[in-house]
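S.K.: Note that the working numbering has the sequence shown beginning at 1, numbered continuously upward.
Some hints here could point you the wrong way.
[Said to hold, decoys possible] DEER-style ranges, computed between Cβ atoms:
#1 D114 <-> G140: 26 to 36 Å
#2 G109 <-> I49: 38 to 48 Å
#3 I49 <-> M172: 41 to 51 Å
These are calculated hints, taken from the structure and not from any lab test. Glycine residues also receive a C-beta, built at the ideal position from the N, C-alpha and C atoms.
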Amino acid sequence: MRLISSGRLKLGFPSYTVNGRWWVKPLDHQDFWDLGFFIGLLFRLGIRIEGLKFLKSLEERSYPLNHNLGFLFYHAFVPAYMETDAPRLKRRIVYEAERMASLFDESLGFIPMDYPHNDKIAIDTLASLEFLWWVSHELGRSHLGEIAERHVLSSIKLLLRWDGSTVHILSMRDGPLSGQGLSPSSCWSRGAAWASLGFLRAYEVTKAEIFKLSCEKVLRFAMRMVGEDGVPPWDFSDPRGVKDTSSGAIFLKVLSSFDGEFSRWRERLRSSLKFNYLSEDEGWEGLLKGGCYHYHLRKGVNESLIWGDYFASYILSDVI
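Can you build the whole structure from these sequences, using the hints too?
M.R.: In structure tokens:
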């Protein structure tokens with residue numbers, strides 16, 4: 001965490017590394033989805049005073065209305081509120097959760113990616129729903145949980161294929177889109193990881209068996225597709241392509257809730273991330289190497305990703 005004292009955080013928060021050095025995303029960046037993971041990681045590592053200090057930068061701005069609000073507010077604002085019980089944070093959390101839920105389109109049955117009147121549903125949203133589930137359960141806004149549940153059911157219908165693979169983006173008009181995946185018919189591994197996380201959370205909250213079965217379906221597909229080291233390629237249709245350890249870290253968090261048939265993959269994946277991808281180089285600023293942010297844009301390829309580091313903190317805490 002040398003980055004904290006470097007002065008670079010006045011410009012923004014870490015997103016992905018370039019040759020091992022963090023690129024900091026400006027705090028006013030319109031693509032804000034990952035800005036909260038750094039603060040979430042600070043709280044995960046017990047660096048709470050700095051986490052609260054840096055949160056003020058995020059409190060000062062407003063955010064575009066889209067499906068990514070949950071990523072930001074769940075990972076940054078929720079742990080800060082749990083630490084402080086500050087009324088201003090509670091008000092902001094409820095306000096932003098209601099904003100996100102307002103995107104729900106009754107005619108489509110889901111939260112579209114963007115506002116207004118977008119017809120696209122994205123697999124990522126399943127993980128962003130963690131925010132709505134939390135506000136529903138912890139702050140008594142039950143209607144938010146109902147919206148989250150309806151979105152998950154639509155995602156199962158529209159984005160989960162028969163074999164357990166997932167579509168990244170589906171347009172109701174144009175059909176499946178490549179998004180960050182290799183092709184419309186492929187399976188972007190981080191999308192599958194987000195899906196497994198979202199399905200698991202939906203099951204934990206509702207106990208509806210369909211959500212557990214959907215999570216297991218994705219896990220079985222991914223387990224069949226990974227190589228000997230257990231780490232997913234960036235897209236499961238490109239098995240010899242670059243890895244994405246951030247997908248692996250997300251999957252590993254989900255796998256920690258399962259035993260039985262998934263045990264062998266879980267332990268292989270944990271061992272690979274721990275012994276092959278945790279950074280031991282003093283000049284490398286990230287924790288977990290080998291991530292792939294955006295393959296097509298060649299952005300964050302074979303680098304550290306802030307969400308990869310965040311999820312690694314859950315399942316590799318004994319060595320971090």
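S.K.: Now tell me, hint by hint, if it's right for this structure.
M.R.: Hint-by-hint comparison with the structure:
1. D114 <-> G140: 26 to 36 Å: 29 Å, holds
2. G109 <-> I49: 38 to 48 Å: 43 Å, holds
3. I49 <-> M172: 41 to 51 Å: The hinted range 41 to 51 Å holds for I49 and M172, with Cβ atoms some 47 Å apart.
Consistency with the previously given hints is maintained throughout, with no hint failing.
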